[in-house]
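Participant: Sequence:
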Amino acid sequence: MTGLLVLNQSEVRDTLDMAQVVAVVEEAHAALSSGAAVQPERSVAEVPGTSTMLVPMLAAIGPQSAAGLKLLADTPDNKARSLPTQQSLILLVDPVTGTAEALLHGAAITQFRTAAASAVATRHLANAWAPARTLGLVGAGNQARTHLAAIRCVRDVDRVVVWSRSPETVEAFREHAREHAAGVEVVVGDSPEEVVRSADIVCTLTPSHTPLVRGEWFRPGQHINAVGAPPRPDHREIDTEGIVRSRVVVDSYDTALAESGDVLIPVAEGAITAEHFRTELGDVITGTAPGRRQASDITLYNSVGVGIQDMATARLVVDIARRKGLGTELQLS
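First residue of the sequence shown? That's 1 in the numbering used here, and the numbers climb one at a time after it.
Worth double-checking, as some hints may not be accurate.
In the EDC-like style, the derived pairs of lysine to aspartate or glutamate whose C-alpha atoms are separated by at most 20 Å in a straight line are [claimed, not checked]:
{"no.": "1", "residue 1": "Lys79", "residue 2": "Asp234"}
{"no.": "2", "residue 1": "Lys324", "residue 2": "Asp74"}
{"no.": "3", "residue 1": "Lys324", "residue 2": "Asp17"}
For the record, the hints were derived by calculation from the structure and aren't laboratory data.
Whenever a hint applies, use it, and build me the whole structure from the sequences.
Facilitator: Below you can see the structure in the form of structure tokens.
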């Protein structure tokens, strides 16, 4: 009798291949658009007396794919404790029987599925009328590494311009790129502005409270993936002008309108209406809604992070782990 498969962070990482994650995340968003997947509107719980916010992400892709729950704890005060500010666990259940199937460490899955979603958005939104070969990264941490790998799955990137407040983080990224992205030139930018003005595709990857990127720097034909801000209504990386100037596509309209400061603040200011954010990534993939209409459009993918991405990636991880004999089986019954 198969029990609950428990996979630690190292075992999860041993299963992950970025091209495969990009494929399943794209399929998951298409399933959401077609009605073959569901993710109920989520609520969050702020833990009294702490900086911790608990974010449950429930989703199902059926009938033969994946279902379950991811619990994310977002704790900004952990930075001072030298602990991760975001931690998560994923519980995968059999979508037909409801039996608990696997418990997975969530960090690596979150890192890979987030970058994979940016790659899917880039595939469908970046300028197809001109080569997009320069990638700009505002932030140089772990998400910068996975975004480099993910974007290279969908575009022939041969140059990266990267900026971070930390020179040590930038140097670590350069070392990683030398080892894992042979042939890609890495240029260190002096500022976020230099990164944005230099790149065809831009990924913002910082947990910023206030905007680091200004819309006045955007140029026609550019594509931006706004990724780093946590799911808090008062955090954003892109200023209001940047949102107004862009054709915005979101991972989930309901989630963005509830949790994304990049969305909520411009709406509260009266600079734009909620209708500006109506297009979801899955609808662009399936052709239900248009993405980029012309070469001069500025497109922006607003990434909050949603449960279907986690469930699709967890399903992939568990299937590979079982084939490889990874993990620990627990008999809960």
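Participant: State for each hint whether it applies.
Facilitator: Status of the hints after comparison with the structure:
| no. | hint | result |
| --- | --- | --- |
| 1 | Lys79 / Asp234 | holds, 18 Å |
| 2 | Lys324 / Asp74 | violated, 32 Å |
| 3 | Lys324 / Asp17 | holds, 14 Å |
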